[in-house]
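*Asks:* Please model the entire structure based on the sequences and the hints provided.
Residue numbers (numbering that gives the first Met the number 0), protein chains in the order written: chain C, 0 to 607; chain G, 0 to 181; chain X, 0 to 275; chain S, 0 to 257; chain B, 0 to 424.
Take these hints with a grain of salt, some might be off.
In the BS3-like style, the derived pairs of lysine-lysine whose C-alpha atoms are separated by at most 25 Å in a straight line are [unchecked claim]:
id: 1; chain 1: C; residue 1: 178; chain 2: S; residue 2: 235
id: 2; chain 1: X; residue 1: 75; chain 2: B; residue 2: 84
id: 3; chain 1: S; residue 1: 236; chain 2: C; residue 2: 178
id: 4; chain 1: X; residue 1: 222; chain 2: X; residue 2: 93
id: 5; chain 1: S; residue 1: 247; chain 2: B; residue 2: 299
I should point out that these hints are in silico values taken from the structure, not numbers from a laboratory. Note that the coordinates shown come from a computational prediction; the quantities given were computed from them, not determined experimentally.
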Amino acid sequence: MNTTRRDLFKFVGGSVVGALFTPAPWRLITDSALWSENWPGIPRPARGEIRTKFTNCALCPAGCAVRARLVGDQPVALMGVSGHPLSHGTLCPFGLTAHHLPYLPTRLKQGPAKEAAEAVSAAIAKCGPSEQAAVLDLRPGRTASWTYRRAMASVKHGLYLAPPSPLGGSAAFDLQEAKTVLSFGAPLLDGWGTPGNVIAARENFRLIQAEPLESRTASLADLWLPIRPGSEEALAQAIANVLANREPVAPFAALTGLTEQQITSVAEELAHNGPALVLDGGQTPAAMELNRQLGSLGRTIVARRETPVPESWKKAAPVTNLASVPDGSIRVLLIDESAVDGYLSWSTIARKLVRDNPLVVTFAWSRQGYGRYAQFVLPTAVYPEVFDDIPPAIDSVAAAFRIAAPLVAPPAGMVNPSEFIAGLAGLPAADALRQRADAIHKAGRGTLFTYAGAKSAALRDVKPDNFWKALNEGGCWLDAVDEKRRELPILPDTEAPGATESSDEDLPLVAITCETRAAAAPLSPLMSKLYQESNLRLAANHAVLNPVTARACGVAEGARAILQTRCGSAQIEISLDSGVPPGVVKVAAGAGMIDLCGASTPAKVVAA
Amino acid sequence: MKHRGKIVFLAGVLVALGAGWLGFPRAIYQSRPQPVNFSHKVHADKAGSKCEDCHAFREDGTFADIPSLDKCAGCHAAAMGSTVAEKNFIDRYVTPQREPPWASYARQPENVYFSHITHVKLAQVKCERCHGGEGSTDTLRPYQQDRISGYSRDVWRDMKMDDCVACHRQHGLEHSCLDCHK
Amino acid sequence: MFPWNYGFHWGAASYIFLGAFYTVLAVVATTVIFAVFRSRRALAAHETEEIRWHSDFHDLPARDRVCRHVFTGEFKSRECPHAFDCRLCETHAKLIAAHPPQQSDETEEEIFGMSFPVDCLYHRGHAWARPEADGTVTVGLDELGSRLVGAPDAVDLPQPGAIVHANGTAFHIHKREADVRVLSPVDGEVVETGAPGRGWYLKVKPINGQMDMRHLLCGTEIKPWLMREMERLQLALSAEGAAPTLADGGVPVADIAQSYPEADWDAVCGEMFLEP
Amino acid sequence: MTSEKKPGKTARYGMTIDVDRCNGCGACMVACAVENNVPPAHEGATDRKGITWIRVFQVDNGEDYPNRRSAFVPVLCQQCGKDAPCVSVCPQQAVEVDPATGIVGQMPERCLGCRYCMVACPYHARYFNWWDPAWPAGMEKTLNPDVAPRMRGVVEKCNFCHGRWHAAKQLAAANGRAIEAVDYVPACVEACPTRAIQFGDLNRPESAPAQAAKNGASFRLLETIGTEPKIYYRSKKNWVRQISSAPKLGLGKESSRG
Amino acid sequence: MDKEFIARGVKRCSTPRFLLWIMPWLALLAFGAYSAGLCLVKGLNQTNMDNRFAFGLWIFLDLTVIALGAGAFFTGFLLYILKLKELSAVINSAVVIGLVCYSGAIAVLMVDVGQPLRAWFTFWYPNVHSMLTEVTFCISCYLTVLAIEYLPILLKNRKLRQVPSFLVFEYELHKLVYVLAGVGTFLSFFHQGSLGGLYGVLRGRPFAFREGFLVWPSTFFLFIVSAAAVGPSFILLTTWLVEKISRKRLARPEVLQLLGRISGLLLSVYVLAKTVDTLIWINRTSPDAGFPAAQYYAWKPFGTWILFAEIVLFGMIPALIMLTPRLRRRTGWLVSAAAMACLGVALNRFVLTVQTLALPTLAFDKFLSYWPSWQETGTFLAVVAYGVLVYSFSFRYLQLFPEERELKAEVQQEEEELPVMAGRY
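*Replies:* And the structure:
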């Protein structure tokens with residue numbers, strides 16, 4: 000019996016018919032549909048006990064209180080703590096997603112700690128008489144900062160540097176007291192100070208926002224003064240003149256692009272609806288002069304006491320403003336980037352370095368910051384892993400002490416910058432936070448706020464160990480409000496920032512940077528919801544131009560272009576918006592953009 | 000041969016029926032033994048444990064599922080009896096403090112939100128209603144996993160979604176898919 | 000889909016929608032099953048040949064399906080309703096009764112130089128049938144058919160004992176690229192097979208006594224039919240691009256296939272042997 | 000589909016969003032993504048291919064500088080109360096309204112990704128998973144266990160944080176009672192630093208959205224098409240209230256962002 | 000070499016030439032299959048569709064080819080139910096076109112859904128209120144019917160019909176084909192309608208939304224009429240095209256003229272209905288939803304010209320041409336009018352799919368544009384190539400035009416009598 004093709008067909012036909020009466024085909028169809036629910040690549044969230052932990056956010060000086068939701072030991076969501084005296088239950092989008100930061104693909108996993116230590120020691124030994132070994136602390140006022148100061152005091156040629164700060168760290172703005180706030184471009188409602196505090200105070204003051212662009216703050220301000228870029232000082236001068244019944248006003252008004260009448264009414268409001276407060280990004284002399292004139296000092300700008308430190312720490316290097324260091328004098332520079340408040344453009348720092356072969360070591364989570372210029376980049380823990388304190392924010396009237404207690408353990412290979420720097424001077428640094436907590440406890444002032452029950456207790460009633468424990472569970476110590484706080488604060492001499500040079504022929508535009516937060520801090524990939532999957536916030540290397548300006552520059556919507564400033568050039572992607580003033584290019588601060596242009600810089604856009 | 004075509008056709012039908020009813024149900028599952036030969040019966044009888052003694056609820060109402068090693072180690076830090084199973088358990092898991100990789104038969108798929116407490120506490124459903132006599136078995140069945148869908152066999156074998164729906168419908172509690180799905 | 004499916008919902012919309020859906024499925028399935036059933040029955044009843052012819056007949060151009068009574072002038076135009084099976088035709092019966100076919104007196108008739116013996120009955124597919132004295136019927140290709148294929152390359156004859164049906168396949172002829180079946184003029188059992196050289200191909204014995212051959216052309220019908228066939232042949236040859244046409248009234252050469260090498264012989268034969 | 004039986008005590012969850020308070024920080028958007036296991040953007044994603052169950056749009060009065068005024072409008076599924084355009088169009092009942100809560104639910108496991116519902120939705124509040132969900136290595140540990148990650152090729156959208164609803168229901172059961180409307184708030188509501196978004200049961204007159212519904216400054220998006228959304232917006236600014244109606248030519252053409 | 004498969008008496012090009020013809024189409028099909036494969040394996044991110052343009056080229060293609068494929072059901076209806084015998088000359092070709100269009104549409108739909116593995120859910124858990132459910136059911140049922148209708152044409156192949164069971168089955172099935180034609184008419188009727196309803200029910204898209212007529216929006220009926228109008232036109236067009244390409248006469252001019260007349264008649268009905276519908280929509284439906292209709296046409300490039308083109312240029316004008324006997328008799332006019340009618344319906348489908356999605360619905364929405372990616376275009380081209388291939392093979396090996404042989408003979412006669420007029424076509 001030989002098989003024919005016909006038999007084969009019959010057999011196959013029969014098995015097809017037979018198969019239809021078995022569960023197999025139906026099961027395969029169902030199973031493949033089920034498989035599509037969990038095919039490879041779709042992760043399965045871990046299940047486990049849901050727990051709650053409290054900590055404080057270390058991403059910015061606001062130090063907002065955080066309630067973390069954990070599955071087992073893994074944080075899966077961060078939220079604000081309602082009823083918190085400082086942060087009022089608020090968390091910004093950066094803080095809300097901070098539990099993702101340990102898993103950033105760009106994160107540094109290891110670094111040459113030993114080699115760096117040797118190189119630093121060798122370089123310090125080589126320092127010439129007028130050369131110095133400095134630590135640049137991008138968030139001064141921490142316990143770690145005290146460690147750096149102590150270390151620098153005992154290191155030869157040691158110098159402790161801090162970036163210029165608006166009120167010198169010993170005064171604060173009291174928004175609760177203010178009735179009228181005039182802000183020269185300060186992002187008051189967009190992450191300034193302690194956002195929760197600003198929002199809580201917002202209903203009590205009238206906000207006048209003077210800035211060229213309609214920022215997030217400007218759009219919610221009671222009055223937005225669309226002034227010309229760089230004319231803040233002129234406006235301040237004009238208002239000051241109105242207040243003092245002085246002439247002239249008109250020429251200044253012309254500079255700002257506002258009418259005299261607008262300026263007069265603002266001045267009157269400031270004068271008659273007090274207490275008033277004048278803010279700007281860096282507290283320029285003009286703004287401070289206005290505050291003086293309006294009597295804000297002692298009312299809305301008040302002195303703040305220091306958070307106590309152990310007596311033995313007082314022998315420390317002084318805080319030196321980076322601006323006051325002579326150029327070309329620093330041979331060794333250690334930059335602590337692990338906690339960043341304001342990103343300085345590299346050119347301001349580079350100027351201070353010696354010409355020949357300076358040594359720059361940076362402590363950072365990634366290579367994207369100053370690591371681009373440093374010889375050694377040492378990896379540090381990121382926020383939900385770090386064990387660090389957060390100095391009080393600029394709008395915190397009372398001193399405060401709170402610790403960012405780690406929610407997850409840092410991976411192996413991380414370098415603790417304060418231990419590294421203390422090690423250079425042979426100081427022990429391990430339990431500095433505990434020592435400081437004990438010093439605070441010893442001072443005995445103020446209250447301890449514990450989150451679990453949203454309770455406040457007088458510090459006097461708390462035992463030292465319990466205080467330490469409470470701090471590690473996210474508690475917050477708040478200084479007692481000083482009766483003498485109405486005293487005039489002692490303010491540092493603020494020097495005018497390099498006044499915006501009048502724009503020259505070849506750089507006809509003014510570049511204004513926004514989204515500065517995104518430039519420095521690590522960002523959760525979920526922030527792409529704001530920067531990429533919507534255009535709520537301007538993404539890095541994107542620029543917005545008025546259509547008229549764009550036409551003049553020969554660029555179109557979506558085009559790639561080159562932004563040029565005196566410091567260099569970068570590629571940007573253009574979008575058009577007739578709400579941007581002509582002659583202005585609004586750029587997002589991305590990696591490198593801060594180095595290119597400050598708050599507002601002459602610039603030029605050419606088609607790529 | 001007159002009926003040759005028919006016979007060949009029928010042979011095809013029979014082969015397919017055989018493969019589909021006998022071979023396929025076996026082939027579709029991947030079998031894996033449980034890490035420890037645990038006897039519910041022994042624990043219920045000798046230790047007098049009730050289900051909720053080990054399979055407890057937490058304060059927030061979540062179900063603690065299979066107890067962790069701590070719970071076992073509470074009694075079994077050292078051998079209590081003389082069974083091989085217990086000795087293996089202690090040697091392999093208790094002493095090195097390693098969680099046994101239990102495979103949960105009734106673990107619901109990722110897209111199902113099953114709340115034990117609403118069923119047990121609010122609706123007074125007995126464990127046996129869904130888990131059958133699992134609590135009085137002497138050995139643990141091997142864990143069987145569908146090779147394609149990856150789901151445990153027992154999620155679907157004894158109780159399908161239709162059974163959930165039938166009971167919910169009976170009690171007027173069937174409102175939407177998202178009642179149980181997430 | 001089904002009431003036992005999760006999510007099924009009784010309601011007017013589902014009645015209408017699913018009602019229509021199942022009705023459609025049922026109608027389509029019934030149609031197909033019915034067709035399968037009928038075809039199985041037809042196969043079992045050995046109606047394949049009949050169906051093949053009916054199918055072929057359906058595909059013939061309208062002008063090739065004319066009734067034989069058009070040749071005799073009884074109709075101006077009429078399409079055969081019975082696929083050339085006049086035995087079923089009441090009209091034919093009536094017309095025959097009215098005018099019985101006239102027998103030509105000559106024994107051999109010459110038409111266009113071809114011999115069409117009067118003792119033969121002719122099928123529209125160019126086969127003749129001659130009742131023999133022993134009760135059998137001899138079947139062969141008529142002169143036009145023979146000249147068309149000339150000396151065939153091959154002939155597939157049925158085995159003795161095979162059954163042939165009127166209008167079914169009698170035998171196959173291969174010539175050049177053509178492969179045509181010749182329709183059987185009669186029903187019956189093949190008792191003997193001939194060959195091209197012997198002038199006949201089959202000897203057929205009627206299955207139940209009498210052989211009914213009412214459907215075959217005879218007598219005076221033959222000439223007008225043949226004239227029409229000559230026209231068709233001319234048309235077929237010219238349509239296939241065989242340049243020289245038959246001279247009007249000319250006599251076809253003995254081996255047309257050989258004479259028209261450019262012709263699509265398959266098409267020509269198909270046309271003439273009624274196999275579209 | 001749902002059973003005919005109406006539950007004894009039904010809720011109609013809704014929201015009120017005070018546009019005048021929204022500062023466009025985006026906390027709601029990321030909190031939503033964290034809560035609902037929405038993956039971060041694929042490198043090819045744009046604002047038109049991303050997944051944002053709630054999305055804050057920057058709207059403006061259509062004027063040029065310096066008369067331009069902007070406002071921020073969070074748009075999420077409007078939880079239509081009547082004739083929800085997405086429900087009836089789904090060919091396989093993957094979209095349904097929960098009669099107990101009024102939440103328009105989307106079942107990703109049932110969805111085959113035909114995207115008809117997205118075409119139907121005038122609020123563009125439905126999102127398609129164009130890519131397989133992917134998190135950087137290790138980050139999948141941070142996923143919320145109460146919400147299942149969706150697979151590629153299905154549509155998803157806001158469901159008023161159903162995972163939280165489940166958890167609240169379970170917690171209520173632990174306390175021996177059924178869930179109440181006040182037992183939970185969605186993640187965006189909790190995360191909003193300015194308290195611009197408030198959540199509640201429209202069937203309770205004292206709830207924030209029920210109060211807002213009566214407020215003269217309140218409006219809903221595209222009320223004229225008759226879908227009865229349960230998200231009430233409000234603003235004291237006249238031009239902001241205009242966004243409830245149909246688009247006008249030229250308005251926000253070049254500048255609408257968000 | 001494949002001669003034994005080619006019907007007797009018809010002339011087909013040589014095998015190498017045929018291979019040469021199908022080669023580019025095969026290449027296109029392979030490219031398209033690769034594109035579609037990318038979409039299936041990597042997901043729909045390969046397309047340029049997005050959340051706002053959730054339907055793109057493919058849905059437009061589906062709507063269009065199914066409207067054009069309507070010739071199959073409508074010709075079947077006219078031939079088997081209304082007994083317009085002349086149309087038997089093109090019915091086989093119409094069935095092949097229908098099969099190509101419907102199977103192509105289904106193939107594209109399978110790529111278009113995000114989870115093809117679950118496509119059967121629609122059958123298992125249908126939401127009977129959804130137009131898409133109706134579309135899915137009708138399209139798959141009708142494809143089955145078309146496949147069954149195609150079967151007799153296939154089995155009639157010279158080689159296949161030598162198998163007795165094929166021959167007999169074909170014969171018996173063909174006898175019942177009027178039942179299938181009836182069912183097909185019913186299905187296709189609803190299918191065309193539900194495709195129209197697909198957009199007409201979208202309350203959230205006031206540009207497409209049409210008030211209901213019974214349970215259906217008016218687009219439901221407009222689609223049926225327009226498809227019925229354009230189906231014969233498309234058959235006319237393809238027949239003419241195949242005649243040009245194969246350089247043969249395949250159907251009598253009278254048949255084509257009849258098709259044109261039917262098309263013209265229905266097209267004028269459609270134009271009338273569409274005009275009434277548009278007026279009601281402009282004056283009532285759209286303003287009632289809060290959308291003044293004028294604003295739809297204020298977005299460039301979709302000005303009012305598109306409305307004019309749809310109704311007058313590609314509706315009224317071809318209808319008038321095809322209804323004028325003098326013009327209809329001239330092939331140039333007839334074919335151009337048919338092409339215009341086809342274009343008009345394609346434009347209508349384009350407006351309903353692409354323009355609907357491009358228009359903003361919210362005050363702060365943008366007007367969007369969309370351009371298909373190469374993967375999308377490739378998949379689209381694959382359907383075209385697939386259609387051409389199936390049709391080419393069918394034309395070569397099956398009897399698509401039963402009159403072809405007779406016409407060949409007639410041409411021969413005519414040629415003898417009068418010289419071929421240059422540019423007759």
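*Asks:* Now, for every hint given, state plainly whether the structure supports it.
*Replies:* Right, here's what the structure says about each hint:
1. For the suggested pair residue 178 of chain C and residue 235 of chain S, the alpha carbons sit about 22 Å apart, so the restraint of at most 25 Å is met.
2. Taken as a hint, the residue 75 of chain X and residue 84 of chain B pair is honoured in the structure, with Cα atoms around 22 Å apart against an allowance of 25 Å.
3. Proposed proximity of residue 236 of chain S and residue 178 of chain C is supported: the alpha carbons are some 23 Å apart, at most 25 Å.
4. In summary, the hint linking residue 222 of chain X to residue 93 of chain X is supported, as the alpha carbons are separated by about 22 Å, within the 25 Å threshold.
5. Taking the CA atoms of residue 247 of chain S and residue 299 of chain B, the gap is about 14 Å. The hint holds against a cut of 25 Å.
Checked against the numbered hints above, the structure breaks none of them.
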